[in-house]
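Turn these sequences into a full structure, and let the hints steer you where they fit.
Residue numbers (full-length UniProt numbering), protein chains in the order written: chain A, 1 to 171; chain B, 1 to 171; chain C, 1 to 171.
Check each hint, because a few of them may be wrong.
You can't tell identical chains apart in this list, so a pair holds if it fits in one copy or across any two.
Dumping the calculated DMTMM-like pairs for lysine to aspartate or glutamate here, alpha-carbon to alpha-carbon at most 25 angstroms [claimed, not checked]: (1) K171 - D80; (2) K169 - D44; (3) K171 - D157; (4) K169 - D5.
These are computed hints drawn from the structure, not numbers from a lab.
All values derive from a computational prediction rather than experimental measurement.
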Amino acid sequence: MRDPDRLTLVLGGARSGKSAHAESLVTAHPAPWTYVATAQAHDDEMQARIGVHQARRATGWHTLEAPLDLVAALAVLPGDRPLLLDCLTLWLSNLMLAERDIEAESAGLLRLLAARPGPSVVVSNEVGFGIVPDNALARRFRDAAGRLNQQTAAAADAVILVVAGLPMKVK
Amino acid sequence: MRDPDRLTLVLGGARSGKSAHAESLVTAHPAPWTYVATAQAHDDEMQARIGVHQARRATGWHTLEAPLDLVAALAVLPGDRPLLLDCLTLWLSNLMLAERDIEAESAGLLRLLAARPGPSVVVSNEVGFGIVPDNALARRFRDAAGRLNQQTAAAADAVILVVAGLPMKVK
Amino acid sequence: MRDPDRLTLVLGGARSGKSAHAESLVTAHPAPWTYVATAQAHDDEMQARIGVHQARRATGWHTLEAPLDLVAALAVLPGDRPLLLDCLTLWLSNLMLAERDIEAESAGLLRLLAARPGPSVVVSNEVGFGIVPDNALARRFRDAAGRLNQQTAAAADAVILVVAGLPMKVK
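Dropping the structure here:
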């Protein structure tokens with residue numbers, strides 16, 4: 001029987017508690033759980049953030065780093081294992097820096113997530129509620145993130161917006 | 001009989017799908033529909049955005065450009081025709097650049113929308129959920145946009161916040 | 001009997017109407033009401049904002065300014081008097097500029113608010129829905145504000161997100 005919330009999108013702002021909420025959704029399923037991280041430890045600040053996220057996760061997790069080749073990484077995972085993908089916006093940022101084909105990569109990811117039989121929880125930042133950024137790259141990123149969030153939300157069974165650590169049901 | 005959702009405000013962030021959602025609300029009424037665009041094609045980037053919006057709209061639409069004199073443009077439209085106004089924040093930005101009286105223009109617009117017998121759907125950006133902008137003009141714009149959104153929401157029969165393409169009922 | 005909404009957090013963006021909504025929640029209780037302002041009139045722009053907030057509040061209010069020593073200021077207030085604290089994010093900004101211990105100050109505030117028998121309404125900005133800020137101080141502030149909002153929301157009986165002047169129930 002198909003899980004009614006097979007694909008869940010967890011949206012939130014910076015420091016909104018979206019990752020912690022997403023983890024709680026995944027660990028509601030039986031272990032082992034797979035954590036797919038898109039973060040790259042470019043500098044001390046990012047390294048510290050990754051450390052905080054890692055420290056919160058207890059045993060039962062299998063962690064995988066996929067800053068760019070997310071589609072290939074997910075393709076070889078056991079399909080029925082609960083999956084946490086954190087996060088779409090960092091992956092998008094990595095793709096843009098590497099000048100990958102964002103449309104093609106996004107389509108590949110969504111096809112793969114739609115076909116997974118196990119529960120998948122995808123975290124993404126909502127970044128479009130500020131004023132128009134000054135620089136063109138930031139505007140391009142904001143547009144791409146908005147489009148990817150729309151596409152993922154359309155494919156998702158459930159969409160949650162996390163505000164101050166609390167979930168608001170969007171879909 | 002008065003339409004229970006005669007004036008609808010559709011709020012959203014950048015690339016949130018707010019325009020597409022607003023269009024679906026308007027086309028739920030019988031054609032012809034009037035599209036009032038406040039965008040000005042200052043540069044290639046804006047021209048490309050306008051092109052995407054135009055391409056999505058099929059036949060049945062009558063399009064009108066009113067980057068500044070929105071109140072005068074709306075005053076001569078058939079009052080019972082379904083109207084899509086996209087968007088308030090670009091109009092506000094145009095008014096500020098042209099040094100118009102924002103209070104007076106806003107009051108005129110809201111009076112006119114309140115008096116229209118036909119259904120009106122107004123699109124606006126929510127821009128206040130980021131950190132305080134560095135420059136004073138951006139702060140002034142953000143304040144003015146927040147006030148105009150509040151005034152329009154107070155006058156509206158329905159207010160919808162679009163997140164990742166999905167509508168959340170606010171009023 | 002304990003008030004079911006003894007501690008309420010009112011979140012919102014810039015010019016969202018969050019302060020006006022918070023005031024309406026406080027004045028639903030019998031006067032006198034205490035207003036604790038964390039704003040400091042550093043410049044004309046901030047002075048003008050404070051003036052607008054003050055002009056809106058009628059008689060029945062006792063006003064207290066506590067830009068930094070908020071915990072000490074609240075500790076000596078009558079515990080059963082309805083309280084409006086506006087706002088957490090400005091207080092946090094003041095603490096950061098003064099290089100205070102944010103963790104300790106936040107913990108002290110939340111302990112005090114949790115122990116108050118009277119109704120308390122706390123206003124805070126949601127600042128994490130834009131793109132990542134360029135400068136490191138802004139990122140640090142955004143992180144600290146997100147954490148403080150999460151902690152306050154966890155302690156609160158009710159959490160409201162104000163959008164265009166309209167309340168959305170989060171908790």
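Now the hints, each set against the structure:
no.: 1; hint: K171 - D80; result: within (23 angstroms within a copy, 33 angstroms between copies)
no.: 2; hint: K169 - D44; result: neither (35 angstroms within a copy, 38 angstroms between copies)
no.: 3; hint: K171 - D157; result: both (7 angstroms within a copy, 23 angstroms between copies)
no.: 4; hint: K169 - D5; result: both (12 angstroms within a copy, 22 angstroms between copies)
Hint compliance for this structure: hint 2 alone is broken.
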